[in-house]
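This is what each chain is made of:
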Amino acid sequence: METKTAILERIEERAEVLRRIKEDLISRLNLPYRPEDLHEDVSLLGSGLGLDSLDALEVILGVEHAFGVKVAEDNIGILRSINTIADHVIAERRGGEAVS
Amino acid sequence: MRASPLHDLLAARGAVFGERAGAEIIMRFGDPAAEYRVVREAVGISDMSFLTRFAVPEEGLDLLEAYAAGAVASIRFGRVLHTFAADEEGMLEADLFIANDDTRLLMLGESLVDDSTGAAALRGLGAEAAGLEDLSAKTAVIGIDGYRAFAVARELFGADVLGLPYLSVETYELLGEEIRLIRAGKTSEFGYLLLVPAERAADCWLEIERAGAAFGIRPVGAEAHGALRLDGRFFNIHAEGAAVRDPLPLGLQWMIDFEGEDFRGKRAIAARREAGLGRKIIGVIPADPAGGLEARDAILLEGEPVAEVVCAVDSPTLGSRIGLALFDVAWAYSGLTYGRDRGGAVRTISMPPFMPRSLTVKLDEQ
Numbered sequence: 001m002e003t004k005t006a007i008l009e010r011i012e013e014r015a016e017v018l019r020r021i022k023e024d025l026i027s028r029l030n031l032p033y034r035p036e037d038l039h040e041d042v043s044l045l046g047s048g049l050g051l052d053s054l055d056a057l058e059v060i061l062g063v064e065h066a067f068g069v070k071v072a073e074d075n076i077g078i079l080r081s082i083n084t085i086a087d088h089v090i091a092e093r094r095g096g097e098a099v100s
Numbered sequence: 101m102r103a104s105p106l107h108d109l110l111a112a113r114g115a116v117f118g119e120r121a122g123a124e125i126i127m128r129f130g131d132p133a134a135e136y137r138v139v140r141e142a143v144g145i146s147d148m149s150f151l152t153r154f155a156v157p158e159e160g161l162d163l164l165e166a167y168a169a170g171a172v173a174s175i176r177f178g179r180v181l182h183t184f185a186a187d188e189e190g191m192l193e194a195d196l197f198i199a200n201d202d203t204r205l206l207m208l209g210e211s212l213v214d215d216s217t218g219a220a221a222l223r224g225l226g227a228e229a230a231g232l233e234d235l236s237a238k239t240a241v242i243g244i245d246g247y248r249a250f251a252v253a254r255e256l257f258g259a260d261v262l263g264l265p266y267l268s269v270e271t272y273e274l275l276g277e278e279i280r281l282i283r284a285g286k287t288s289e290f291g292y293l294l295l296v297p298a299e300r301a302a303d304c305w306l307e308i309e310r311a312g313a314a315f316g317i318r319p320v321g322a323e324a325h326g327a328l329r330l331d332g333r334f335f336n337i338h339a340e341g342a343a344v345r346d347p348l349p350l351g352l353q354w355m356i357d358f359e360g361e362d363f364r365g366k367r368a369i370a371a372r373r374e375a376g377l378g379r380k381i382i383g384v385i386p387a388d389p390a391g392g393l394e395a396r397d398a399i400l401l402e403g404e405p406v407a408e409v410v411c412a413v414d415s416p417t418l419g420s421r422i423g424l425a426l427f428d429v430a431w432a433y434s435g436l437t438y439g440r441d442r443g444g445a446v447r448t449i450s451m452p453p454f455m456p457r458s459l460t461v462k463l464d465e466q
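Taken in order, these protein sequences are the chains called A and B. Mind the numbering: the first sequence is residues 1 to 100 in our numbering, read in order. Mind the numbering: the second sequence is residues 101 to 466 in our numbering, read in order.
Some hints could be false.
As the list claims (entries may be wrong) - Computed footprint of chain B on chain A; a stretch qualifies when at least three of its residues, placed anywhere within it, have a C-beta under 8 Å from a C-beta of chain B:
#1 4 to 14
#2 29 to 41
#3 44 to 51
#4 55 to 68
#5 82 to 89
Claimed, not checked - Short derived list, chain B residues pointing at chain A, Cβ under 10 Å:
#6 G114
#7 V116
#8 F117
#9 H182
#10 Y272
#11 K380
#12 P386
#13 Y438
The hints are simulated quantities; they were obtained by calculation from the structure and are not laboratory data. Beta carbons: idealized from backbone N, C-alpha and C, even for Gly.
Extracted from the complex, chain B is given alone in its bound form (with noise of 0.2 Å):
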């Protein structure tokens, strides 16, 4: 198992531990449902070190190109794509943020395949030639994230990091160490992913801590972060990913170049946009907020099955379950009420289903 740079650091913080592909992750320090509060109403510090992270020179560009579904051509110096890489058969592998950072594309991914099997798909692509750069025990990655993530980063990096907008990268000094900022989180609050190296990412994590303490700042687990993913509603590779595989039923053709160069799958992905969605998912809750939702339950109309749960987590926001269950495109609209397979209903919603806090700042007025 891959293990992260900060493993010793947050195992004496009392991380418990889990895997995720072949790489190790922290699924939580104490109770998730207050770490997804710490999140909403402060701010969350996060080991992101499961994340594959790669570095290839601008001239090993035609590799990304072959290897993610997004338009990586086109990504603007200081910016960053949010795309996904499939498998031969166009069904999901990795869910990828690559960022233009001056002379080199940097590439982080959640991936559901372990870092072998995902090694062996670039080589296949190219990756050797491409000049193609594991920096995955060179570095550590940690997030932070939430409502006051924002005045944490300013208090690391000056007043200046507030004008780099979302899915943006930009070069900082921290502890004399040169990092990359990456504006880029998945909570609906604000966000960013610190890449540091590897020998100095527990002084990084214990800086960021010594920055965040007036802003209420606290270590955050990956069960927290699935909740905080499924209710603000951004892409999950590891819930509603995993589950359901293919990108079209779960409404990621925005990360998607249909009309740029061949990728990997993208001649089966096209081929089912042409043949039309069968299912897409949607938001679904419990009609009764104290009624249960798991995945796997049935969603019935009139007796007959229409949808299937694919993952449900707790929403402290909501004060209930939410869903999101895999429908046939004919039932797939928010607002209606269905029966449910083992008893009571269960509404379909518009996601996300609350405003973040985070879209009411101003950073220009902070």
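Chain A with its partners taken away, still in its complex shape (with noise of 0.2 Å):
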């Protein structure tokens, strides 16, 4: 079981990831949502926001920029929902160290 404390410091670095990657999804793709309306486990393919293939693209292009990180082209697992970014992202941040 982790401490209070360690989750607190975790749920940090990933509230302002996931902050992030919201702010960027609602200007990119131009949605009607307030950051609070994306739930996290949304999907964001098919299902739920719907992205298309350009889409897809723009998004990775965001994570990219923002984070600094690189999204391989055939990665399309990442895009699944705005939980399944932020792992990759902070695995990034860690050297490839699963997350979820």
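Quick one: dock chain against chain with the hints and give me the complex.
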């Protein structure tokens, strides 16, 4: 079990990544939502926000630009949800460690 | 109870029937875990006739705008909107697909209320003047879901069907009958709903089985669909929807047109939105894969409750239980390990927790 202090530290890191991803999504895709409207598990492809392939490319560019991480062209799996993008960003920062 | 037009055929196949909101539903044919794997690895066929189904002429658009939370007027021809209907308090009442089908709108719903209650709500919004037609007695709904569902659709309707995007509707012929094909599964694999004439429903089922035989098609019930939805992170109104009812903690804001016309319950939902979210659901699994996870398990941080599990199922893909828990928003983040009231630990996870095989298929290369 993690301590409250440890959990708060991890939440702080994740919340900052999630906030930036949401703001970038809303801005780049002109979504009619506030950041707090976007649940972190909302599907990005197909159901949910229903991004098409061009939107997906925009999102990848946004992630790479905002966080300085690379997303491989064939790594569409990270676009399953906002949370899975955040997992990728945090894992890259930690040198590839799985985070969820 | 509203019976399925496929009842007799599927009873003979060993279907175990149940009831949801006054409609007959098939819970399983055999082992739900095996039925789950059929969808993830091959293709399943399901009787979805428990869905409510209505048609509204295009002149009756105002009715659906007043009933559904999404931007109904913006649905382009041939496309489908996934949204919901709420009661006056803004609590979930039905999960809806609304399709723009040429000169009319089709509405298929999974409801928490029975047919008469749902009909009363629609009457109160002007259903008669709008020309609302109940298609439930005239039609059946057959679902084809799975990694190989596209191959069965191609076998039945030709290669053009592969060009249908997710959330679209098209007219095809099946056994000489005009049917509607809606690409709109909820399993995270390929999915199609076929709206077929009730009197030919059994023949259509048999024809789909014939076309799907080479791809391993098998019948699948609602219990397997429940697991497929949860670990595929598709909203299930009969699981987390029934437990929570408020669309905002459920993360359904994407189904709502906040800037559009008024709909039933919109004021209540908008007021809660302005007040801010206090809780929301996120995915959880037991830290020990062999550990259990059940609805109403309390999740603890240093002995204090921070969440409660609202639904849980076995996930054959993960090899463990998986659930959704309603967390205080301050603690609702994935990648954390919490305690539990009945011992052991649970981990919060990002959803969906795996890459569905269907997302790796390029239909234009099939």
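Exercise. For the hint on P386 of chain B, just tell me whether its beta-carbon gets within less than 10 Å of chain A.
Key: Violated: closest Cβ of chain A sits about 13 Å from P386 of chain B, beyond 10 Å.
Quiz item: Per the CB criterion, is Y438 of chain B less than 10 Å away from chain A?
Solution: Hint on Y438 of chain B: holds, closest Cβ of chain A at ~7 Å, below 10 Å.
Practice problem: Given that the stretch 4 to 14 of chain A was listed as covered by chain B, double-check it with a C-beta distance under 8 Å for 3 or more residues. | Solution: This one holds; 5 residues, not fewer than the three required, reach chain B with a Cβ under 8 Å.
Practice problem: Answer holds if the nearest beta-carbon of chain A is closer than 10 Å to that of Y272 of chain B; otherwise answer violated. | Solution: violated, 21 Å
Quiz item: Mind checking, does the stretch 44 to 51 of chain A have 3 or more residues with a CB under 8 Å from chain B?
Solution: holds (count 6)
Quiz item: With 10 Å as the cut and Cβ atoms as the points, is V116 of chain B at the interface with chain A?
Solution: violated, 29 Å
Quiz item: When the nearest CB of chain A is found for F117 of chain B, is that gap smaller than 10 Å?
Solution: violated, 28 Å
Practice problem: So, H182 of chain B near chain A? Judge it on the closest CB pair being under 10 Å. | Solution: Holds. Min distance 6 Å.
Self-check item: Given hint G114 of chain B near chain A, where the shortest CB pair must fall under 10 Å
Solution: violated, 31 Å
Quiz item: With a cut-off of 8 Å between beta carbons, are at least three residues of the stretch 29 to 41 of chain A near chain B?
Solution: Holds: 8 residues of the stretch 29 to 41 of chain A have a Cβ under 8 Å from chain B.
Quiz prompt | Coverage of the stretch 55 to 68 of chain A by chain B, judged on three or more residues with CB within 8 Å | solution = Three-residue rule not met by the stretch 55 to 68 of chain A, so violated; n is 0.
Quiz item: With a Cβ-Cβ cutoff of 8 Å, does the stretch 82 to 89 of chain A contain at least three residues near chain B?
Solution: Contact hint for the stretch 82 to 89 of chain A vs chain B: holds, 4 residues under 8 Å.
The structure does not agree with the numbered hints 4, 6, 7, 8, 10, 12 stated previously, though it agrees with the rest.
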